[in-house]
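**Student:** Below, each chain spelled out in residue letters.
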Amino acid sequence: MIVLEVSNIRKNFENTEVLKDISFELAQGEALSIIGSSGSGKTTLLRCLNFLEKPDGGKIKVNGKLLYDGDDHTRFSEEEIRERRLNFGLVFQSFNLFPQYTALENVTMAPLLAAKEGKKGERDSAIIENGKALLDKMGLSDRMDNYPHQLSGGQQQRVAIARALALNPNILCFDEPTSALDPELTGEVLKVIKELSIEKTTMIIVTHEMAFARDVADKVIFMDEGVIVEQGDAREVIENPKEERTRQFLSRYSEG
Amino acid sequence: MFITVTLSLLEGFLGTIKLFGLTLIFALPLGLIISFGSMSKIAFIRYPVKFLIWIIRGTPLLLQLLIIYYGPGIVFSNNIWGSGEGGRFIAALVAFVINYACYFSEIYRGGIQSIPIGQYEAGDVLGMTKTQIFFKVILLQVVKRIVPPMSNEIITLVKDTSLARVIAVYEIIWNGQTFIKSAGIIWPLFYTGVFYLIFSGGLTLLFRYIEKKLDFFR
Ligand SMILES: Nc1ncnc2c1ncn2[C@@H]1O[C@H](COP(=O)(O)OP(=O)(O)O)[C@@H](O)[C@H]1O
Ligand SMILES: [Mg+2]
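Protein chains in written order, with the numbering used here: chain A, 28 to 283; chain B, 22 to 239.
There is no bait here: all hints are sound.
Below 20 angstroms or equal to it, Euclidean Cα-Cα: the simulated SDA-like pairs (lysine to any residue) are:
| # | chain 1 | residue 1 | chain 2 | residue 2 |
| --- | --- | --- | --- | --- |
| 1 | B | K180 | B | V118 |
| 2 | A | K143 | B | T150 |
| 3 | B | K233 | A | T129 |
| 4 | B | K62 | A | E41 |
| 5 | B | K233 | A | N173 |
| 6 | A | K143 | B | T152 |
Rather than coming from a laboratory, the hints here were simulated on the basis of the structure.
Being a predicted model, the structure only gives us computed values, none of them experimental.
Kindly generate the complete structure, drawing on both the sequences and the hints.
**Tutor:** Shown next, in the form of structure tokens:
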């Protein structure tokens, strides 16, 4: 079943076209990796999906529902944007945890606020139990009451993943989740993402970890200068790229 | 003599505290409004506000006191401050509030702008409202960052209140100085220094306590 349909998304910053006609689909339970050199528009694409950036055209559909339509010029209210973006979760490169809250509070804050507004029928105690279970799953059961500055980068990023999962997004996006980490800490984060993919979490992962993309993702998209150069089965694209540009890009990673 | 001096200085100190306290009560919120003005997306608001801040921070408070007190009388040939002690106090208060609101506004602006955009965006993608993001996520981080510069500014205010005497607002130094003429003694002036030291010392302890309280996060 197709969860996400992105068609002909365009985005300009001032006069430069950063995304040109981006189209792809994602099925339920699939993990999609987006690769490409820096500046190719990967972050901008994720930000468009999460309504942090407004595309200049195209369509975004989730579960058949049109969330964004470039031809429809009615402006969304803040409320409508909030509702739409909850289809997606986003894990940032720089974690962006809230420093004055503990790991558990970071995870439960948004669901508790939503429950207070009457958006979710869940009881507070159920939300907190769920938060604890998520942190436990991230291997952080003994870190729940720590503040972000008391955690390593890898631990912080796992809290951020739990925080995104706590809202049950249809599609979880990761923007280079290990790029800000020391090399010895990337493994623990990649491991939990891999576990999520085994559980069939629908995900989009922007990454420079080619081996990880090949082994964990179902599909890969290679982007260059705002266009999708090549997309397909992850192993196929990474091991046997069809396009010259993909080959050049990948050759820079195969040496190390 | 010691008792007489103490009582007189206490009375003067009451004037000092009154000017200090009222300046804070008005300048703290006004500063926040001015800081929003100086960060406004609308150039028609931002530039005049920045201009005002530049003028106020670029000229001496003493000069501002004199202009605010004497200015209206000369320009409109009518003393809008009312006569007597009360009128002079109000003029001094207005000058202090404008001056300190501008200084505070720059501290607020620095604090607000130092919060990484990622904090807002993290709140956004979690479906929080702008109001929730400001009050639940941003505010305490701003407070933590502005406590040290604010405490400096507020302790400076304690001492700056003495400038009000140029328009004959009674405060503690004024009262201390009268003893030089009336009794030929200088020690009451040193004694006023003790009042300042105790008061600013207390404030320093208070701010240190607040900083400690906010030490649980970075
Ligand atoms: N807010 C912005 N304003 C102007 N240009 C931007 C902005 N954000 C990104 N860009 C530009 O868009 C291009 C794509 O950026 P980005 O999506 O961050 O690429 P990637 O994540 O693949 O490195 C870059 O050339 C970048 O300089
Ligand atoms: Mg990027």
